[in-house]
Every structure is written in C-alpha cells, then in structure tokens.
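**Q** Letter by letter, the chains look like this.
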Amino acid sequence: MPRHRQLAVGLGLALTLLGIVGWISFASTTELIAATQRVRQTYRVRQRLQTVLSLMRDAETGVRGFLLTGAEEMLQPVNGARKGIDRDLKDLRRRTAGNPEQQQWLEQLEPLIARRFQVLDTIIAIRRTEGLAAAAARLRAGLGRELADEIRTRVSQMKHAEAALLLKQERESRTRTRRALAAVGTSAALGLAILLVVVYLLSREVVERERAEDALRRSETHFRSLTENALDLITVVNADGTTRYVSPSHQRVLGYAPDTLLTGSFVNLLHPDDRTPVLESFARVSRTAGVSDPIELRVQHADGSWRVVEARVNNLLHDPVVSGLVINSRDVTDRKQAEELARHHQAELAHALRVSTIGELAAGLAHEINQPLAAIVSYAKGCARRIRSGGGTPEDLLGAVEEIAAQAVRADQIVRRLRDFVRKQDPRRERVDPNHLVREAVRLVASEGRERQIALRLDLAPDVAAVWADGIQIEQVILNLVRNAFEAMQTIAVADRGLVVRTAPSGEAAVEIAVTDAGPGLTPEHADAVFDPFFTTKPDGLGIGLAISRSIVEAHGGRLWATANPHRGATFHFTVPIDDRGHRHAA
Amino acid sequence: MTAGTAMPPEPTVFVVDDDPAMRDSLCWLLQSVDLHVETYPSADAFLAAYDVGRPGCLVLDVRMPGMSGLNLQDELRARNIRLPIIMLSGHAEVPTAVRALKAGAIDFMEKPFSDELLLDRIRQAIDLDREQRDAGARRAAVAERYALLTPREREVMELVTAGKANKVIAADLGLSPKTVEVHRAAVMDKMHADSVADLVRMRLALADDSAPR
Chain E
1 MPRHRQLAVG LGLALTLLGI VGWISFASTT ELIAATQRVR QTYRVRQRLQ
51 TVLSLMRDAE TGVRGFLLTG AEEMLQPVNG ARKGIDRDLK DLRRRTAGNP
101 EQQQWLEQLE PLIARRFQVL DTIIAIRRTE GLAAAAARLR AGLGRELADE
151 IRTRVSQMKH AEAALLLKQE RESRTRTRRA LAAVGTSAAL GLAILLVVVY
201 LLSREVVERE RAEDALRRSE THFRSLTENA LDLITVVNAD GTTRYVSPSH
251 QRVLGYAPDT LLTGSFVNLL HPDDRTPVLE SFARVSRTAG VSDPIELRVQ
301 HADGSWRVVE ARVNNLLHDP VVSGLVINSR DVTDRKQAEE LARHHQAELA
351 HALRVSTIGE LAAGLAHEIN QPLAAIVSYA KGCARRIRSG GGTPEDLLGA
401 VEEIAAQAVR ADQIVRRLRD FVRKQDPRRE RVDPNHLVRE AVRLVASEGR
451 ERQIALRLDL APDVAAVWAD GIQIEQVILN LVRNAFEAMQ TIAVADRGLV
501 VRTAPSGEAA VEIAVTDAGP GLTPEHADAV FDPFFTTKPD GLGIGLAISR
551 SIVEAHGGRL WATANPHRGA TFHFTVPIDD RGHRHAA
Chain V
588 MTAGTAMPPE PTVFVVDDDP AMRDSLCWLL QSVDLHVETY PSADAFLAAY
638 DVGRPGCLVL DVRMPGMSGL NLQDELRARN IRLPIIMLSG HAEVPTAVRA
688 LKAGAIDFME KPFSDELLLD RIRQAIDLDR EQRDAGARRA AVAERYALLT
738 PREREVMELV TAGKANKVIA ADLGLSPKTV EVHRAAVMDK MHADSVADLV
788 RMRLALADDS APR
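Here the protein sequences line up with chains E and V, keeping their order.
Here the first sequence is numbered in the numbering used here, starting from 1 and rising by one per residue.
Here the second sequence is numbered in the numbering used here, starting from 588 and rising by one per residue.
Simulated from the structure, these hints should not be mistaken for laboratory data.
Just so you know, not all the hints are guaranteed correct.
With the C-beta cut set under 7 angstroms, the calculated list includes, among others, these residues of chain E facing chain V [claimed, not checked]:
#1 Ala-366
#2 His-367
#3 Gln-371
#4 Ala-374
#5 Ala-375
#6 Val-377
#7 Gly-382
#8 Glu-451
Sample of chain V residues with no beta-carbon within 12 angstroms of chain E, all distances over it, derived [unchecked claim]:
#9 Pro-598
#10 Thr-599
#11 Met-609
#12 Ala-679
#13 Phe-700
#14 Arg-710
#15 Ile-713
#16 Glu-718
#17 Ala-724
#18 Ala-730
#19 Leu-746
#20 Glu-768
#21 Lys-777
#22 Arg-788
So the derived label-pair ranges between C-beta atoms look like this [as the list claims (entries may be wrong)]:
#23 Ala-722(V) to Glu-395(E): 39 to 47 angstroms
#24 Ser-782(V) to Glu-395(E): 56 to 64 angstroms
#25 Glu-395(E) to Val-620(V): 17 to 25 angstroms
#26 Glu-402(E) to Asp-714(V): 29 to 37 angstroms
#27 Ile-387(E) to Ala-722(V): 34 to 42 angstroms
#28 Arg-710(V) to Ile-387(E): 19 to 27 angstroms
#29 His-344(E) to Arg-710(V): 16 to 24 angstroms
#30 Arg-710(V) to Ala-406(E): 26 to 34 angstroms
#31 Ala-728(V) to Glu-402(E): 45 to 53 angstroms
#32 Asp-714(V) to Ile-387(E): 24 to 32 angstroms
Ideal placement from N, C-alpha and C gives every residue a C-beta, glycine not left out.
Work the whole structure out from these sequences, hints included.
**A** Below, the structure is given as structure tokens:
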C-alpha cells in the first residue's frame, strides 16, 4: 500500500478512536448530569414525603390544639396542611411517574391520608358540636393513630424504595462509568499509539525524502560536471529532429557556443557528402531501439576547418525520462590522421621491401624476360636471312612473324607484372580471387624455383570466395612466404624439396592461404620470434619480410601464423577476409 | 652410325632448352643458314637420345629444371663426350660463366644474343668438333699401329723420339747398333712414319691420349 494511503488509514483510525472517546466522554457527562438529577429527585421525593408527614403532624397538632382550646385559629394549619399535602402528593405523583412501585404506594397513601383528614374533620366536627370530652373520646378510640402509623409506614416505605432505587441507579451508573472509563482509556491509548506510529512514519518519510532530494541534487551536480567537462560531445535530439541539449564541450571541440547550436540545424555543419548517409543513419536508428554502430562524419569547425567526428546514437525515445535520441560523439581527426600516416608508412615500407625483393628476384626475372627477347631476335634474324637468300616460303615467314608478336606479348606481360608489383601506391582494397593472386605470385618466382630444383605444387580450392584486399600486398606476402620456403630447403636433398601453396575457405568469412615446405621446420622458440622485426637466420637477410607480411595481413583483418608439419618442415598460414560488401550494407 | 664410314655424317646442332619458344626460334634461325638442328626439352632427353659418334655441337641453356646446363656439361665430361658446348643464359651470372668456360665451353652468351655471333661460334664449334674427331681418328689409328709393336720396338721408338742417336740407343738398351737399326726400320714401317718428325708427332699424339685430363 503506498505510503500516503497508509498514513491516511492510520490517521483515519486515530480520528475514529478519538471520536469514540469523545462520544463516550459526552455520554459519561450526560450520565453524570442524569445522576445528579436522580439524586435531586430522590432528595425531593424524600423531602416531599417528609413535608407530607410534617404537614400531617401540623394538622394533627392543629386539631389537638383546637380540641383543647376550641379556638378556630388552631385549625389554620389543618387547612394549610390539606392544601400543602395535596400539592405535595401531586408533586410526588408527578415525580414518581415512571416508578410503578412508588405509584402503588402512592395509591395506597392517598386514600389513607384522605381518611385521616376525614377522621380529623370528624373530630373537629365533634368538638364543635359535642364538645371536648366527646372529641377526646373519639381521639382516644384510636382510629386516627392506626391511620397515622400506616401513613408513616407507607411514607417510610416510599422513602426506602426511593433510596433503594437511587442506590440501584447509582450502582448501575458506577458500572457504566467504569466501562466508559475503560473504553475511553483503551481508545485513547490506541489512538495515541496510532498517532505515534503515524508521526513516526511521517518523520521517516520526511527524512527519506530529504535524503533522496540530497542524492538527486548531488547526482545532478555530478552529471553536470561530467557533461560540462567532457571532451566528448553529448547532444540530445527530440524525435522531430530539433536539438534539445548541447553539451558545453561543443565549445571546446568545435568552437561553437552551445546556444547557437540549439537554434540552428546540425545538418548545415556537416560535410555535403556526409549529409545523406548521416540522415539515413538517424532515420534507421530512430526506428530501432538501442545504440547504433559508430558512424564517421565530417563537421565544420567554427574556424572553417573540417573535423572528423565519430558518433554513436542511443535511441531513448521510449525511455520516459529522456524520450529523445542521445548522441555521443568524439573528435577523431587526430586519430584518423595518425592512422592514415601509419598506413602510409606501412605502404612505404612494403614498397621498399618489394623493391628489395625485386632486386633479389632479379636474376630469375631477367631470365624470364630475356627468353622471349632472345626468341624474338632469333625469329626475326631467321626471317631476314631467309628473305635475303630467298629461301623462305610466305607461310614459314608468317609463322615466324606471328611467333615474334607472341613472344613480345609474353615479354610485355612479365614487365607489366613486375611493374605492378613494384609500383608504390596507397593500399587499395578491391575484390580479388585469391587463387589468381597465388598464381601470379608463384609466376614471379617460378624460374628461381626451377633453378633451386624445388618441386612447386599448387593446391587451390576451386570454389574459394573472392576476398576484399589489396592484391599487390597479398601477392607480396605469398611471395615472401614462398621465398622463405625456398631458402629453408636449401640444405635438403633435391628429391625431398617439395613446396605446396594451398588455398581453402577459413570459416564463413575468410580464406586461408598456406605455404608448406619440407625444410628443417621451426623450433618452438622460433615459431613466434620469426615474426619479430629484424629476426633472421639468413646471413644476408634483413629480417623484416615476415614482420611486414604480418602487418599487411593484420591490416586486412587477418592473421598470420606458423605451424610445424607432422613429418617435416613448417607451414605458414594466413587468412584474408572475404568480400562481403553485399551483406554488410544490406541494412 | 659407326665411326670410320666413308662419308662423314652431317654435323648436327643439338639445342637443349626447356623453353619451347627458345627451341623453336633457334631452330628457325639455324635452319635459315642450312644447319641441321635437333632440339631437346631437357638434358635427360638429350642424353637418352645422343650417340657419341654423332658430330656437331651443343647449344645449351644454363637454367633448366632437373639437370642444369652446368650439370650436363659435367656429365658429358664424365662420359668422355667431347661435343663442343655453347652456353646460353637469360641472366649474366659471372660465376656461372666462369665455371662453364673453365669447364671447357666454347662460349657463354647472354640472351638476347647476337645471331651473327652465335652462328659464328656454332660454325667454329662444328669445325672444332670435326678437328677433334679427325684427331681422334688419327690417334686411334696410331694407337692401333702402336699396338702392333713389340715391346722392344716400343723401347726403341721411345728413345728415337727422344732424339737419341742409334749408337746411344744401342748403348742404353745393350744392343748392337745394327739391331737397333733393324728395330728402328720396323718401327718406322709399322707406324707408317715418313720421318722421325712424323714419329715424334705420333708419339706425342699417343701421350696426349693417355695423359690424365
């Protein structure tokens, strides 16, 4: 139950209990008043009864007085008594209206009193008519005395009854009062307890709230200091594309005051070529939840220069707190420049190595080129001689001339291949067939292989996928590995000099090219060290061939490693990622 | 074909090169000057087909798979085949050239070569081969005749060709000068020598043959 409802319930209970207490108090007070009234009633009744008795006595005294004196003045109290007793009886009747017992006594009393007065009246009449002696005799006869006793008895009983009633009522009252007090006490205690609990909960509530507010304040300050001091750029964009928040770091990184960026459109700051891809990327991210892949875009600095920024968009449109797109970006211009420089250096180094390799291949290559050239000379000279001596048929001459052309083409191909291999150019990735690369590389060293009497075999998987790579650089790697294999087998018997170059798929996304030799193999210590720069076992080697090969392979996203063959020799493997551009940009 | 038939067989230029264009074009060139050519794609193929009696010369490429030109040169020497060799190379390697020449090659040429120079050399090689064969034939004849000499006659021949007078020979061998005269005459006759100078030449020829090479 939520806290506020708990409090409401608690308070409600407390108030209810207090209400009960109040009501009980009210009832008790009423009771008290009633009790007082009852006492007064009893008192009055008893007083009235006493008055009745006293008036009765007055009347008797009056009559006795009259009896003695015969003076009429002596009868004054009698009438007064009569009237008074009448009045009192009426009053009593009224007062004891709800008490049947009293009413009964009264009904008995009234006639008795009436008879008593009758008796007195009789005695008075007798005195008046017959004189003192007769009256006194009547008096002595005693009827009056019995009546008086009965009256006194009745009155006494009435008094007792009234007293008993009062007692009973008092006892009942006391019990009720005790119960009421208990109820009051309990309710009050309970009410107090509930109030205390409520107060406690409220106070805790207050403390918690204060703590939460404090934490919130601190985290806000923290967040603010982070975003304001970050070197990364943080931007929050609404679903409709308007900018909601631009972190102060924009000033430091791009030279724009955040306010200016809130009003203008980001798109205008982007490089024209990047606008469409960025907007498309935005649209794409807005449709799916989560964080986008990093995208690179060029943004114009306030000073006019272009900065390369790497950005990630976090789709928080459905997060009720943010309901926007949060863009985290970073100025990577320096990094990109450094990468470019590194790539350039690597290309230069690779080129230098290619040039030196060509020098090492020179003998074999010269041989390759000179073959067609020599053939051309022989054919041409042969034609000339035949023409001069008149001994050649047009068919023969034509044949020779066509051979000349064919040999010239052959020479051109060799030169072209060489030129392509040596050309210094920035690494250019393109779709190439790895088998073709292997064949080209092997062609460059075929004659050297023949001279070294090495049996070179190609084991190329026919269905291997095209790779995404710089063909020249990969050829360079293959060349490096093959020539290393040549060197390794120098000391092996001619019959055992076997070299195999193999291509095969490597998993789903790469192709593996492996060069297996039958040389002495690699010792475990050398297996890794062999890739270190300047490590070489050749007396005149530079030792950077494998280091460069590895850096070329790794720049392509592949791996270069060496394994020992089960029987003899070593195998150098490397992987090149396949061309999956069709898949990658399908989103 | 056996040696010593009436009509010497026509000399053949044997071309050994693994490159078909080279073989073809050389063939074309050599035939344009009416040379007889036979081509072989490898040293092994040539060795299998060649008969030592066939005159001519050998045009050989240095770099070949299997047995290289230099190795073939060694092999021919080992088999005592004296066919003159002209080496061709696509790359001027000084150590290889020196080795080939020291081992007796007529010449070592770089491709592409001058056709004139090559043809000249081939002609020289063929001539050389013919001379060698003739000399060989002559030597063989001399050796044949020498084989018919008696031991004593050989001794006499030895001393005669040493330039010793009959008297001295007689003294050396403990024979009478007359006996020496008789032996001498027999030697001259058997050896078909017209003069002492002839005999000396024959003696030298014999020595050449038996000298270690």
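**Q** Could you run down the list of hints and mark each one as holding or not?
**A** Going through the hints against the structure:
About 4 angstroms separates the beta-carbon of Ala-366(E) from the nearest beta-carbon of chain V, less than 7 angstroms, and the hint is met. Annotation: His-367(E) was flagged as interfacial toward chain V, and the flag holds, the nearest CB pair being 3 angstroms apart, inside 7 angstroms. Interface restraint check for Gln-371(E): the shortest CB-CB distance to chain V comes to about 5 angstroms, inside 7 angstroms, so the restraint holds. Among the interface hints, the one on Ala-374(E) holds; its C-beta lies about 3 angstroms from the nearest C-beta in chain V, closer than the 7 angstroms criterion.
For Ala-375(E), the suggested interface contact is upheld, since its CB lies about 4 angstroms from the closest CB of chain V, less than 7 angstroms. With its C-beta approaching chain V no nearer than about 4 angstroms, Val-377(E) sits inside the 7 angstroms limit, and its interface hint holds. With 7 angstroms as the threshold, the beta carbon of Gly-382(E) comes within range of chain V, its nearest partner Cβ sitting at about 4 angstroms, so the hint holds. Annotation: Glu-451(E) was flagged as interfacial toward chain V, and the flag holds, the nearest CB pair being 5 angstroms apart, inside 7 angstroms.
No beta-carbon of chain E comes within 12 angstroms of the beta-carbon of Pro-598(V); the shortest separation is about 19 angstroms. Here Thr-599(V) stays apart from chain E, with its beta-carbon at least about 18 angstroms from theirs, past the 12 angstroms limit. Against the 12 angstroms criterion, Met-609(V) falls within the reach of chain E, whose nearest CB is about 6 angstroms from its own CB. The non-interface label for Ala-679(V) is inconsistent with chain E: the shortest C-beta to C-beta separation is roughly 8 angstroms, within 12 angstroms.
With a least beta-carbon separation of about 6 angstroms from chain E, Phe-700(V) fails to lie farther than 12 angstroms from that chain, contradicting its non-interface assignment. Distance to chain E confirms Arg-710(V) as a non-interface residue, since its nearest Cβ pair spans about 14 angstroms, more than 12 angstroms. Separation of Ile-713(V) from chain E is adequate, the least Cβ-Cβ distance of about 18 angstroms exceeding the 12 angstroms criterion. With a minimum CB-CB distance of about 26 angstroms to chain E, Glu-718(V) clears the 12 angstroms threshold, and the non-interface call stands.
Listed as a non-interface residue, Ala-724(V) keeps its Cβ farther than 12 angstroms from every Cβ of chain E; the least gap is roughly 33 angstroms. In this structure Ala-730(V) is separated from chain E by more than 12 angstroms, as the shortest Cβ-Cβ distance comes to about 40 angstroms. No beta-carbon of chain E is positioned within 12 angstroms of the beta-carbon of Leu-746(V); the least distance is around 54 angstroms. The beta carbon of Glu-768(V) is kept farther than 12 angstroms from every beta carbon of chain E, the shortest such distance being approximately 62 angstroms.
The claim that Lys-777(V) lies off the interface holds: its Cβ sits roughly 51 angstroms from the closest Cβ of chain E, which is beyond the 12 angstroms cut-off. At roughly 41 angstroms, the least C-beta separation between Arg-788(V) and chain E is larger than 12 angstroms, which holds for a residue marked as non-interface. For Ala-722(V) and Glu-395(E), the hinted distance range of 39 to 47 angstroms is satisfied, since their beta carbons lie about 43 angstroms from each other. Restraint check, Ser-782(V) to Glu-395(E): a C-beta distance of roughly 60 angstroms satisfies the suggested window 56 to 64 angstroms.
About 20 angstroms separates the C-beta atoms of Glu-395(E) and Val-620(V), a value consistent with the hinted range of 17 to 25 angstroms. Between Glu-402(E) and Asp-714(V) the beta carbons are some 35 angstroms apart, a value that agrees with the proposed interval 29 to 37 angstroms. At about 39 angstroms, the beta-carbon gap between Ile-387(E) and Ala-722(V) stays in the expected band of 34 to 42 angstroms. Checked against the given bound of 19 to 27 angstroms, the beta carbons of Arg-710(V) and Ile-387(E), roughly 21 angstroms apart, stay inside it.
Distance hint for His-344(E) and Arg-710(V): a CB-CB separation of about 59 angstroms, inconsistent with the stated range 16 to 24 angstroms. Arg-710(V) and Ala-406(E) have their C-beta atoms about 29 angstroms apart, which keeps the hinted 26 to 34 angstroms range intact. Checked against the hint of 45 to 53 angstroms, the C-beta distance between Ala-728(V) and Glu-402(E) comes to roughly 52 angstroms, which is consistent with it. Separation of Asp-714(V) from Ile-387(E) is about 27 angstroms and conforms to the stated range, judged on CB atoms against 24 to 32 angstroms.
Going through the hint list in order, the structure does not satisfy hints 11, 12, 13, 29.
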